[in-house]
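Visitor: Listed here are the chains, written in short residue letters.
2 protein chains.
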Amino acid sequence: MSYEIEVTLAESRKAKPNVNELAFGTCFTDHMFMMDYTPETGWHHPRIVPYAPISLDPAAVVFHYGQAVFEGMKAYRTKEDKILLFRPEKNMERLNLSNERLSIPPVNETFLVEAIKKLVSIEKEWVPADEGTSLYIRPFIIATEPYLGVRPARTYTFIVILSPVGAYYAEGINPVSIYVENNYVRAVKGGTGHTKTSGNYAASFKAQEEAQKHGCAQVLWLDGVEKAYIEEVGSMNVFFKVNGEVWTPALNGSILAGVTRDSVIQLLKEWNIPVKEKRISIEELYAAYTDGTLEEAFGTGTAAVISPIGSLKWNDKNLVINGGESGSLSMKIYDTICGIQTGEKEDPFGWTVEAE
Amino acid sequence: MSYEIEVTLAESRKAKPNVNELAFGTCFTDHMFMMDYTPETGWHHPRIVPYAPISLDPAAVVFHYGQAVFEGMKAYRTKEDKILLFRPEKNMERLNLSNERLSIPPVNETFLVEAIKKLVSIEKEWVPADEGTSLYIRPFIIATEPYLGVRPARTYTFIVILSPVGAYYAEGINPVSIYVENNYVRAVKGGTGHTKTSGNYAASFKAQEEAQKHGCAQVLWLDGVEKAYIEEVGSMNVFFKVNGEVWTPALNGSILAGVTRDSVIQLLKEWNIPVKEKRISIEELYAAYTDGTLEEAFGTGTAAVISPIGSLKWNDKNLVINGGESGSLSMKIYDTICGIQTGEKEDPFGWTVEAE
Ligand SMILES: Cc1ncc(COP(=O)(O)O)c(C=O)c1O
Ligand SMILES: Cc1ncc(COP(=O)(O)O)c(C=O)c1O
Chain A
1 MSYEIEVTLA ESRKAKPNVN ELAFGTCFTD HMFMMDYTPE TGWHHPRIVP YAPISLDPAA
61 VVFHYGQAVF EGMKAYRTKE DKILLFRPEK NMERLNLSNE RLSIPPVNET FLVEAIKKLV
121 SIEKEWVPAD EGTSLYIRPF IIATEPYLGV RPARTYTFIV ILSPVGAYYA EGINPVSIYV
181 ENNYVRAVKG GTGHTKTSGN YAASFKAQEE AQKHGCAQVL WLDGVEKAYI EEVGSMNVFF
241 KVNGEVWTPA LNGSILAGVT RDSVIQLLKE WNIPVKEKRI SIEELYAAYT DGTLEEAFGT
301 GTAAVISPIG SLKWNDKNLV INGGESGSLS MKIYDTICGI QTGEKEDPFG WTVEAE
Chain B
1 MSYEIEVTLA ESRKAKPNVN ELAFGTCFTD HMFMMDYTPE TGWHHPRIVP YAPISLDPAA
61 VVFHYGQAVF EGMKAYRTKE DKILLFRPEK NMERLNLSNE RLSIPPVNET FLVEAIKKLV
121 SIEKEWVPAD EGTSLYIRPF IIATEPYLGV RPARTYTFIV ILSPVGAYYA EGINPVSIYV
181 ENNYVRAVKG GTGHTKTSGN YAASFKAQEE AQKHGCAQVL WLDGVEKAYI EEVGSMNVFF
241 KVNGEVWTPA LNGSILAGVT RDSVIQLLKE WNIPVKEKRI SIEELYAAYT DGTLEEAFGT
301 GTAAVISPIG SLKWNDKNLV INGGESGSLS MKIYDTICGI QTGEKEDPFG WTVEAE
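Residue numbers (full-length UniProt numbering), protein chains in the order written: chain A, 1 to 356; chain B, 1 to 356.
With the rest of the complex left out, here is chain A (with noise of 0.2 Å):
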């Protein structure tokens, strides 16, 4: 394919919101970056163009079957005014990991990033300044094809939008309560949860749902078929500070192999801080939690980095964590990822590459 972008400039620019007034993921910058794909031509026609609803017939496959995959990642500006972006290669890495899984044919990593860097650039002005706000940067892959067979779709287009998102934590990192989800199930091995299709998230609101009427911000998903194993928490993974070490349950094939995870990990190595990616039972975190070496409980994510976890509802048991407060390791962690997505901390891993 041509790695010529494209380019058709908005007529006019929309006003910028104040993004700590903002809910995340409402608001959309000018412009967005779309390439088609059919058999012949493969991945094509890279281009940034206006902001602007997509045409689909109502046969598409994306609508019946659902096969469309994304990625989540973020663009932060620096005190000198650069843009950067964290580790942008995982995430195209996943998105034809996840691509794999559900037949939809592989994208040029390389050349992606530098068309999000070049989309970037182009909406520079978007990113915005203030402390904890960023861009959000939504790739995403869907079936365009008007076929209602159940089999792969033959055309896609693959979209990359973007929004800009306020402090995740404007009123101070609040640790949040989870709820141990028994009854509906995220993922299973062999299916797709260690992949990001679409068809996941919906069947996460129910318990999600769940969750809420416990008094609970996020479900905590244990493995599909033991009912007994700690998976993820909410859309995060998931890590707990025992007696000293670091746990976080291994990829095991139905546990999205998270960009952070991965991040907290290396982290906690350069530390020297014993960290352990194992399988983790719910019986076994609550014998720690009750012979007192729980110490820190915290999901990960591109959302917002490191989440404290204050308690845990199991059942009838309500497991509180630290004394319901943030961990100095969480806080630590935290701390230092955003200080290099930032620009504020030094970067020993070369994880942010520059927009322009």
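FYI, nobody ran anything at the bench for these hints, they're computed from the structure.
Since we're looking at a predicted model, the values are computed, not measured.
Be aware that a few hints might be false.
[Stated by the list, open to error] Below, in silico cross-link-like pairs of lysine to aspartate or glutamate (EDC-like), each with a Cα-Cα straight-line distance of 16 Å or less: (1) A/Lys269 with A/Glu245; (2) A/Lys206 with B/Glu100; (3) A/Lys124 with A/Asp30; (4) B/Lys189 with A/Glu226; (5) B/Lys227 with A/Asp30; (6) A/Lys332 with A/Glu344; (7) A/Lys227 with B/Glu226; (8) A/Lys16 with A/Asp130; (9) B/Lys332 with B/Glu295; (10) B/Lys124 with B/Glu354; (11) B/Lys118 with B/Asp30; (12) B/Lys206 with A/Glu100; (13) A/Lys189 with B/Glu226; (14) B/Lys124 with B/Glu114; (15) B/Lys90 with B/Asp262; (16) B/Lys16 with B/Asp130; (17) B/Lys117 with B/Glu89; (18) B/Lys117 with B/Asp262.
[Stated by the list, open to error] Now the stretches of chain B that chain A is said to cover, found in silico as 3 or more residues with beta-carbon under 8 Å: (19) 142 to 154; (20) 158 to 169.
Glycine included, each C-beta is placed from N, C-alpha and C at the ideal position.
Using the hints, position chain B with the ligands against chain A.
Guide: The following block gives chain B with the ligands in isolation, referenced to the frame of chain A:
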């Protein structure tokens, strides 16, 4: 909501194709039914409009989080040129079951049966007449709100499109080979397997590819927990005749409750053939095969009605059933259901409904 359906007819009509030369699900009629949902007005503005592309914000929830459900049913032309639907109320009931699991607001089932009848009446000329042909009806709901947070959308569109289809068995009924899938999982209890949500189908494409690599037409799905119990075949329910009895997997929370499945069970009861809904392990089936009591096997679904299974590939074994021929009970069921659907046979169950 107002139950008045606004009708806008197309200015010109498409040429009707020769359905027997058409691939399934590639040709659509002149009109479609639509209605919208907002939290303020509920489902509203039911309308029949010319078939046309739909325009959605690139941030629409359906693209990102797969919040979408669908149904599939058929209309048949009788010798007397009446148009019959087959148990449409069952499909609308199942649609609401899917809605409930996917956090989509419920629809008015009775009204929608009427709306579908009206749409099919308007498209009456599109219902083909040749033996085995029909008009496929695809109702579906998509989440339309532009929003990237992980929660149910606030707005939806319900759409019905129609597609004329040729005879499934244009070349006579040929039993299919089925590949027993040990790796990929379709569904697990606590997930969405008992619903018709879009994501279930994209997740199944890889296994289908696997089946084809092994020279098989479809996959036999085992349960996601023990990988030992039979669930479904491709996008069909599955039945086995063993020693004069008929077995089908019991609805266990991960199996779709097929309308054809239910009809087959009712027929068998009417005929005083013992039918058991039970947990069936692949080992138990293999034991029946080796002791010579596995007499017939067939899939059931709207598309094929009955799809006789000629052989099962299970690891290194190849179980040839009934000498690879369609069984006599399979054929009797097929003839009876098709006869009822097309008005050629008596309908003691009151399954068919006239469109006009
Ligand atoms: C299911 C799930 N788990 C974990 C994560 C965290 O991944 P990352 O750190 O790459 O954002 C995400 C989202 O991004 C997710 O959707
Ligand atoms: C997964 C699955 N199982 C079974 C069926 C059969 O259901 P029905 O007989 O209602 O067509 C279908 C499709 O329609 C299906 O998608």
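Visitor: Evaluate each hint against the coordinates.
Guide: Checked hints:
The suggested pairing of A/Lys269 with A/Glu245 holds, with an alpha-carbon distance near 11 Å, which does not exceed 16 Å. For the hint pairing A/Lys206 with B/Glu100, the CA-to-CA distance comes to about 9 Å; that is within 16 Å, so the pair holds. Pair hint A/Lys124 plus A/Asp30 holds up; C-alpha atoms about 11 Å apart against a cutoff of 16 Å. Between B/Lys189 and A/Glu226 the alpha-carbon distance is near 11 Å, which keeps this suggested pair within the 16 Å criterion.
A hinted pair counts as satisfied when its Cα atoms are at most 16 Å apart, and B/Lys227 with A/Asp30 does not qualify at roughly 49 Å. This hinted pair checks out: A/Lys332 and A/Glu344 have alpha carbons roughly 14 Å apart, not beyond 16 Å. With a CA separation close to 13 Å, the supplied pair A/Lys227 and B/Glu226 stays within the 16 Å bound. Restraint check: the Cα-Cα separation between A/Lys16 and A/Asp130 comes to about 14 Å, which is no more than 16 Å; the hinted pair holds.
Of the supplied pair hints, the one linking B/Lys332 and B/Glu295 holds, its CA atoms being roughly 14 Å apart against a limit of 16 Å. Straight-line distance between C-alpha atoms of B/Lys124 and B/Glu354 comes to about 12 Å, which keeps the hinted pair within the 16 Å bound. A threshold of 16 Å between alpha carbons decides the hint, and for B/Lys118 with B/Asp30 the separation of about 14 Å falls inside it, so the pair holds. The straight-line distance between the Cα atoms of B/Lys206 and A/Glu100 is roughly 9 Å, inside the 16 Å bound, and the hint therefore holds.
About 11 Å separates the Cα atoms of A/Lys189 and B/Glu226, which keeps this hinted pair within 16 Å; it holds. Note on B/Lys124 and B/Glu114: the hinted pairing holds, with a Cα-Cα distance of about 15 Å set against a maximum of 16 Å. Taken as a hint, the B/Lys90 and B/Asp262 pair is honoured in the structure, with Cα atoms around 10 Å apart against an allowance of 16 Å. A distance of roughly 14 Å separates the Cα atoms of B/Lys16 and B/Asp130; the hinted pair therefore holds under the 16 Å criterion.
A hinted pair counts as satisfied when its Cα atoms are at most 16 Å apart, and B/Lys117 with B/Glu89 qualifies at roughly 11 Å. Restraint check for B/Lys117 and B/Asp262: the C-alpha separation of about 22 Å exceeds 16 Å, so the hint is violated. Counting residues of the region 142 to 154 of chain B whose CB falls under 8 Å from any CB of chain A gives 9; the rule of at least 3 is met. For the region 158 to 169 of chain B, the stated coverage by chain A is satisfied: 3 residues place a CB nearer than 8 Å to a CB of that chain, which reaches the threshold of 3.
In this structure, the earlier hints numbered 5, 18 are contradicted, and the remaining ones agree with it.
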